[in-house]
Structures are given as C-alpha cells and as structure tokens.
Amino acid sequence: MAAVDALLLAMFLASVHKHAVDLELIIAFVALISNYVYFSKRTMPFKFLLPGLILLTLFVVVPVVYTVQMSFYHYQSGNIISKDGAITQLLNNGLTPDAANTSYDMVLGDDAGQFSALLTNPATHISYFATEKAVTTLQPGQFTADSKGDAVGYPGFKPYTPDQEANLDSVISNARFPMPNGNFIQPQDTSSASLLTQSIQYDAKTGVLKNTATGKSYKDNGNGNFANVNNPKDVLYPGWKAFSKFQNYAKLLSDPNIRGPFIGVFVWTFLFAATTVILMFGFGLLLAIALEQNLRFKRFYRSIVILPYAIPSFMSILIWKGMFNTQFGAVNALFHTHIDFFDSPWLARLMVLVVNLWLGLPYFYLISTGALQAIPSDLEEAAEMDGATATQILRRIKLPLLLQILSPLLISSFAFNFNNFNLIYLLTGGGPTDVLHGQTAGATDILITYTYKTAFNGAQQNYGSASAISMLIFIIVASLSLWSLRRSRVLDMVS
Amino acid sequence: MSVKTVKPASSTRKKPRTTKGNLLAHAYIWVLILFVLFPIYVVIESSFNPTGVLTSGSFIPSQFSWANYHLLFSDPHVPFARWILNSIVLATANSVIAVFIGGASAFAFSRMKFRGRKIGLQALLLVQVFPSFLALAAIYVMMERVYTVFPAIGLGSLGGLLLIYLGGAMGVNIWLLRGYIDTIPMELDEAARIDGASTPQVYWLIFFPLAAPVLAVTALLAFIGTFNEFILASIFLTDVHRRTVAVGLNSFVGAEFGQNWGPFAAGSLIASIPLVILFLSLQRFIIGGLTQGATKG
Chain P
5 MAAVDALLLA MFLASVHKHA VDLELIIAFV ALISNYVYFS KRTMPFKFLL PGLILLTLFV
65 VVPVVYTVQM SFYHYQSGNI ISKDGAITQL LNNGLTPDAA NTSYDMVLGD DAGQFSALLT
125 NPATHISYFA TEKAVTTLQP GQFTADSKGD AVGYPGFKPY TPDQEANLDS VISNARFPMP
185 NGNFIQPQDT SSASLLTQSI QYDAKTGVLK NTATGKSYKD NGNGNFANVN NPKDVLYPGW
245 KAFSKFQNYA KLLSDPNIRG PFIGVFVWTF LFAATTVILM FGFGLLLAIA LEQNLRFKRF
305 YRSIVILPYA IPSFMSILIW KGMFNTQFGA VNALFHTHID FFDSPWLARL MVLVVNLWLG
365 LPYFYLISTG ALQAIPSDLE EAAEMDGATA TQILRRIKLP LLLQILSPLL ISSFAFNFNN
425 FNLIYLLTGG GPTDVLHGQT AGATDILITY TYKTAFNGAQ QNYGSASAIS MLIFIIVASL
485 SLWSLRRSRV LDMVS
Chain U
2 MSVKTVKPAS STRKKPRTTK GNLLAHAYIW VLILFVLFPI YVVIESSFNP TGVLTSGSFI
62 PSQFSWANYH LLFSDPHVPF ARWILNSIVL ATANSVIAVF IGGASAFAFS RMKFRGRKIG
122 LQALLLVQVF PSFLALAAIY VMMERVYTVF PAIGLGSLGG LLLIYLGGAM GVNIWLLRGY
182 IDTIPMELDE AARIDGASTP QVYWLIFFPL AAPVLAVTAL LAFIGTFNEF ILASIFLTDV
242 HRRTVAVGLN SFVGAEFGQN WGPFAAGSLI ASIPLVILFL SLQRFIIGGL TQGATKG
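Residue numbers (this note's numbering), protein chains in the order written: chain P, 5 to 499; chain U, 2 to 298.
Any given hint could be a false lead.
Unchecked claim - Derived lysine-lysine pairs resembling DSS-like cross-links, with alpha carbons at most 30 Å apart: (1) Lys114(U) to Lys302(P); (2) Lys21(U) to Lys51(P); (3) Lys402(P) to Lys21(U); (4) Lys119(U) to Lys45(P); (5) Lys45(P) to Lys114(U).
Just so you know, these hints were derived from the structure itself, not from any lab.
Using the sequences and the hints, build the whole thing.
In structure tokens:
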C-alpha cells in the first residue's frame with residue numbers, strides 16, 4: 005500500500021507540475037478511495053474488488069459515458085472545438101489583406117529590449133519604425149537605407165541574427181504592428197510583412213459576429229454555428245460542439261439517407277447474427293458428438309479442429325478474403341471457377357457465413373464438448389434402461405439440457421456477432437453496394453459497419469449521430485441479453 | 002472433476018456401437034478437418050512463395066524459397082522480432098495481471114455478501130455488450146490527455162495499451178472466474194475459517210490453488226486475446242518499433258494496392274506458433290474452464 009501511495013503521490017505531483025487539473029482530480033480520487041478501502045476494517049469485499057473496479061471504471065465505464073454524452077451533442081467535422089475556440093478561429097479567418105494587397109520589406113530587431121521592425125513599402129518607398137505598440141513613419145535621413153532604399157538601420161535598433169530569429173519564431177508569427185483604422189501589419193516571414201484588416205468583429209455582449217467588409221451580421225443559431233441573421237443557411241465554419249438534445253436520435257428517424265437503408269440493414273444484422281450462431285452451434289455440436297465416439301486418432305482430430313482458435317482472427321479473415329479472390333483465389337482454383345463472390349449480394353452473404361463458421365467452429369466445439377461432459381451420465385443410462393434409442397436420448401434429453409447450459413454463451417455469442425465489426429469490415433467492407441441505384445448500405449453491412457460508414461464517411465465525420473446509433477444498438481443488444489439471462493435463470497443463482 | 006468420472010463410463014459403453022455410426026462420424030470429422038486446414042495450407046504455401054501472391058492457381062507448390070522468412074528477420078524496416086517480443090510481453094503482462102485482479106474480484110463476487118452484488122454482476126455483463134468501437138474515440142481522447150503528463154502510459158505506449166486491455170477484459174474475466182469459484186465447495190472455506198484463517202488467507206491458501214485450472218484458462222484467453230487484438234493496437238501504436246505482431250503484419254497487406262502476401266503469410270505462421278503450442282498443451286483445461294464458467298455462472 006505504501007508503494008502504491010508513493011506512486012500515486014509521484015503521479016499527482018507530476019500532474020501538478022504540468023497543471024493538469026483533470027488528472028490531478030482522478031489521481032487524488034483513486035488515492036483517497038484506495039487508502040480508505042485498504043485501511044478501513046469494514047470494507048473487506050472492496051479490498052478484493054477495488055483494482056478491478058478502478059480499471060473497469062476508467063477504461064470501460066468512462067468511455068461509455070462519454071459516448072452517451074456525445075450522442076446528445078451536435079458533434080461532427082467542423083463542430084469539434086469549444087465555442088471560444090471557434091470564435092478565436094473565426095476572428096483569425098476574418099483577417100484579410102487590404103484592397104491594395106500592401107506588403108512591406110522588413111528587418112526585425114531589438115530596440116531597447118522591445119521587439120521591433122523596420123518596414124519599407126517598396127511601392128511608395130515610405131519607411132516605418134514599428135513596435136507592437138505603435139508604428140511611426142520615418143522621414144528620410146532618420147534611418148540608414150540600403151541600395152534599394154529599404155530602411156535597414158535606425159538609432160538604437162539592433163537587427164536580429166538569423167539564430168535569434170529562429171528562436172523567436174512564435175513571437176514573429178504572432179506579432180501585430182497596429183496601423184490606423186483597426187488595420188495592422190503582420191510579418192509573413194522574417195523579411196516581409198503585409199497589411200491586414202480585421203474584417204470580422206465579435207461583440208461579446210450581444211454575441212453578434214459582424215463582417216465589416218460585407219456588412220453581414222451572424223448570430224449563434226443554437227446548433228453549433230454562427231448563422232447569417234437574414235439567411236439561416238449561410239453559416240460560418242468552424243462551428244463548435246453544441247448541445248442538441250435528441251436531434252441525433254430524431255435524425256435517425258427523419259433523415260431519409262439514414263432511415264431508408266436502416267431497416268434492411270437491421271434485418272440482415274439480426275439474420276446474420278442468428279444464422280451464424282445456429283450454424284456454428286449446429287456444426288460444433290455435431291463435431292463434439294462425433295468426437296465423443298470411440299474413434300482412433302481422436303486426440304489428433306481434436307488438435308486440428310481447434311487450430312483456427314489459435315490463429316489471430318484478423319489474419320484469418322484477411323487470408324480468407326484473398327482466397328475468395330475471383331482470379332487468383334484458392335476457392336475458385338479448387339472448383340475451377342471464376343465466381344466473383346464480392347459482387348453478388350447472396351454469395352457475399354454466404355461467404356461471410358462460411359468464413360465466420362471457420363472462425364467460430366473451434367469455440368462452439370469446445371463449449372459443446374464441455375457441456376456434453378457436464379451432463380450427468382446417469383441420466384443417459386436411465387434413459388437407455390427405459391429403452392430409449394441414441395437419437396431419442398440426444399433429442400429429448402441431451403439437447404434441451406445443452407441448450408439450457410449453453411444459453412448464456414449462445415446469447416453472448418449472438419451479441420458478439422451482432423457487432424462483429426472486424427469480420428464484415430475486413431472481409432467485404434459491407435459490400436457489394438449498388439451505388440448505381442443510390443444505395444448507401446451494402447448487402448453485407450451490419451448495423452455497426454453501417455454506423456461506421458455513415459459516421460466516418462470520407463472527410464465528414466459525425467461523432468454525434470454515430471454515438472446515437474451506438475446507443476440504439478446497445479439498447480437492443482443489452483435488453484436482449486438481459487431478457488435471456490433472466491430467462492435462463494443464471495442470475496437466480498447469484499442471490 | 003465431472004470430466005474424469007464421465008469419460009471412462011461413456012467410452013466403455015460406446016465400444017459395442019456399430020461401425021456405421023463411427024464411419025459417419027469419421028466422414029463428418031474429415032470434411033471439417035479439410036475445411037479447417039484449407040486456409041492453413043494456403044498460408045503455408047504462400048509463405049514459401051517468393052512472388053508475394055496468395056496462392057497461384059495450382060495446389061502443388063510450384064516454387065519454394067525462404068525469401069519471405071528471410072525478409073522478416075533481415076530488413077531493418079521490418080523489426081519483426083521486435084513485434085513478436087512486444088506482443089509476447091504485452092500478452093504475458095496482461096494475462097498475469099488479469100488473473101490476479103480478476104481473480105480477486107471474482108472471489109469477492111462469489112464468496113462475499115455486500116450491497117450491490119447482483120446489480121454489479123448485471124452491470125458487468127451489460128457494459129460488455131456495448132459496441133466498443135465507438136468507445137475508441139473516447140479512449141483515444143483520454144489517452145492523448147494522459148500522454149501530455151505521463152508519456153509512459155499515454156497514447157502510443159505499450160503500458161497504456163496494457164491498461165486498456167486490462168480494463169476491457171475485466172468484465173468477461175470476472176464472469177468466467179466467478180462461475181468456476183462457485184463450484185468450489187463452501188465447506189472448504191468454512192473449515193479454514195474455523196481454523197482461524199482470515200479472508201485474505203482463505204483467498205491465497207485455499208481458493209488460489211483450487212482455482213488454478215480456471216485461472217490458467219483465463220490467463221490463456223487473455224494471452225490469446227491480446228495477441229489477436231488489432232483495431233485498438235493499430236490506432237494506438239504508431240511507432241514502428243512499438244507495434245504488436247498483428248499491427249506490424251497488417252502493414253504488408255493493409256494497402257489496397259501492392260499487397261504483399263508472402264511476408265504476411267510467413268509472419269502469421271511464426272506468430273501463430275506460440276499460440277498453437279499453448280493451446281494444444283492446455284486444451285484439457287480449456288474445455289472445462291470455458292463451460293464451467295458459463296454453466297455454473
């Protein structure tokens with residue numbers, strides 16, 4: 005405990021050092037709770053639970069809560085930062101060169117400890133001495149000029165060496181030398197500058213952004229953007245992450261781009277998850293029964309059929325993808341055909357099921373074997389005494405018992421496949437998609453891959469609506485799991 | 002336990018069965034074995050094929066070379082040995098820590114009475130079915146923040162990834178372990194307590210040795226899970242020397258064009274070897290561990 009405290013203290017101090025208030029709070033909280041739990045005498049269960057709980061909370065619960073929160077926000081590309089950040093950026097974007105595109109030759113230097121510059125307008129040959137407080141026009145004779153007539157020397161002014169300039173990089177790029185009428189001169193690099201006008205101004209009191217060049221006014225449209233007072237469709241970017249209540253959810257029902265394919269995808273997701281579990285369970289159970297027989301080489305067979313479980317699944321999926329290739333794939337080579345499995349909706353679906361069967365067979369074989377062995381043998385013997393045949397024993401006695409024993413695993417497998425992002429994404433990418441007929445969802449797209457597509461489609465990333473779909477998926481799968489758990493009475497044993 | 006008692010009984014009883022059933026069983030098993038071995042054969046063949054194609058048309062290998070294997074261990078841009086090492090370190094750390102922390106939590110859920118126990122177990126299960134890939138965004142933002150203060154456990158570090166894995170699998174592990182612990186007779190604890198053992202003593206001296214099989218399975222599953230994990234690791238680990246095997250190998254075939262299957266196949270084979278050995282040597286435990294956890298859970 006002392007070691008843990010020391011570590012937490014060190015981490016706390018490091019956060020203080022870096023002014024990371026959020027991390028300080030988390031660390032302090034963890035430290036307080038663990039000290040309480042491990043020094044109090046009444047917290048025995050939590051002495052065992054705490055490390056697990058902390059890890060779960062930080063890396064599972066917090067992200068989930070964050071996702072839930074995101075689903076209530078207008079949160080997408082262009083609406084990622086805070087409102088203050090957005091205003092700062094808009095103001096910066098509102099800097100425009102003046103109408104004449106005036107630029108200056110510049111020498112940067114130090115004047116009595118002040119960052120300053122000698123500027124010369126190459127068109128008018130007027131020179132200026134500029135600090136960040138004021139810009140004064142120089143009369144000929146007040147400064148020394150080079151052959152072009154540019155000001156290069158001024159009493160008290162010490163030009164920077166290139167090394168000094170390199171160190172002052174951020175000072176230089178943020179420098180503003182004020183000119184009349186709210187204009188200012190900003191360095192473009194270390195030897196030139198241009199005249200800029202602030203064409204967008206923000207009034208914090210009224211919350212109005214005004215473009216002085218076009219005369220348009222913009223107001224917060226309540227949706228994370230500043231919009232033209234006269235034309236709500238004219239909005240400024242970037243916007244910010246704004247609270248949007250149930251808008252993301254409402255959009256799922258109202259936006260035809262999302263709602264249209266949603267039902268089809270939903271049906272396929274269910275079909276896929278159910279079929280794949282039934283297939284894997286059927287083949288796995290049969291295999292388990294077959295390997296229960298008194299066979300030669302049993303151990304050898306067993307070792308081979310569980311091999312896919314030991315091979316990283318993402319590798320297997322990619323390999324299967326290569327094997328289903330139309331021209332070079334091993335599957336087509338085996339049957340001497342040239343079938344394009346990725347182009348036909350039903351073949352692609354079949355392919356997904358076959359590959360998933362390969363991936364899931366070992367697991368289902370293993371759990372079926374375990375469950376078969378867990379069924380008391382006297383049941384079977386009793387049935388045999390009563391004259392039941394092997395098939396009868398299997399159908400009437402073993403199968404119902406197996407289903408009861410395995411239902412939690414079958415349900416969790418269903419839930420897993422309901423969200424089997426890897427398989428679909430790596431194998432078919434959701435395709436084939438009939439783009440010509442304006443389809444956005446592919447034939448093998450399940451909800452989670454479809455979410456991924458709608459949410460992270462190209463440049464436009466919509467975290468808000470992706471979170472909303474995730475929440476929907478979560479509610480569906482969670483209620484299904486809870487319902488079946490209750491039904492299988494697993495939780496009754498807990499109490 | 003039940004495994005041992007059932008087996009001899011069933012095998013003696015099944016001996017007189019007709020060979021017809023056996024034949025059918027054999028046929029079925031062989032079909033599945035061919036199905037299982039098909040891609041594995043393709044990978045082995047491709048790994049020795051220097052052209053980088055995932056199988057040519059014929060099934061008899063036309064070319065044979067060690068070029069792909071050689072590339073993995075000689076090309077300085079492909080620190081394959083390093084990737085394997087990263088994966089093994091990460092997987093070992095994850096499985097050991099997960100067993101200790103998960104075991105302790107499962108022990109509490111199984112043996113102790115406290116408020117919120119049932120709710121806690123249900124919540125554990127529910128949290129697991131949350132579509133996790135979206136939570137990725139949140140995790141990313143979080144670890145980016147952590148990185149600014151603690152680079153060792155922040156974004157891009159194996160330490161940070163380890164923490165995420167530990168947290169992510171905790172729910173499953175607790176359920177799996179708890180199911181097994183429930184089958185360990187209460188009488189043992191009670192006897193120890195009468196002899197004056199404290200709760201931590203019961204945990205370390207009675208429970209830990211007794212639960213060894215399921216602890217081994219949990220460790221194995223955690224190990225394999227870590228070895229296989231791809232999406233999180235690929236987002237998280239950008240430095241080429243910190244990659245895990247899965248992320249590293251994907252760089253050969255991840256690109257839409259210029260897929261190079263040869264080194265990928267060779268690397269996959271090498272990466273699978275430790276897992277296959279582990280798996281085959283622990284298969285007895287796995288069958289028991291998986292179902293015990295579920296059935297009694």
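Verification of the hints:
Pair hint Lys114(U) plus Lys302(P) does not hold up; C-alpha atoms about 45 Å apart against a cutoff of 30 Å. For the given pair, Lys21(U) sits about 58 Å from Lys51(P) by alpha-carbon distance, which is inconsistent with the 30 Å threshold. Distance check on the hinted pair: Lys402(P) and Lys21(U) sit about 21 Å apart at the alpha-carbon level, within 30 Å; holds. For the hint linking Lys119(U) to Lys45(P), the alpha-carbon distance of about 23 Å falls within 30 Å, and the restraint holds.
Distance restraint check for Lys45(P) and Lys114(U): the Cα-Cα separation of roughly 15 Å lies within the 30 Å cut-off, and the hinted pair is therefore satisfied.
Violation of the numbered hints given earlier is confined to hints 1 and 2; the remaining hints are satisfied by the structure.
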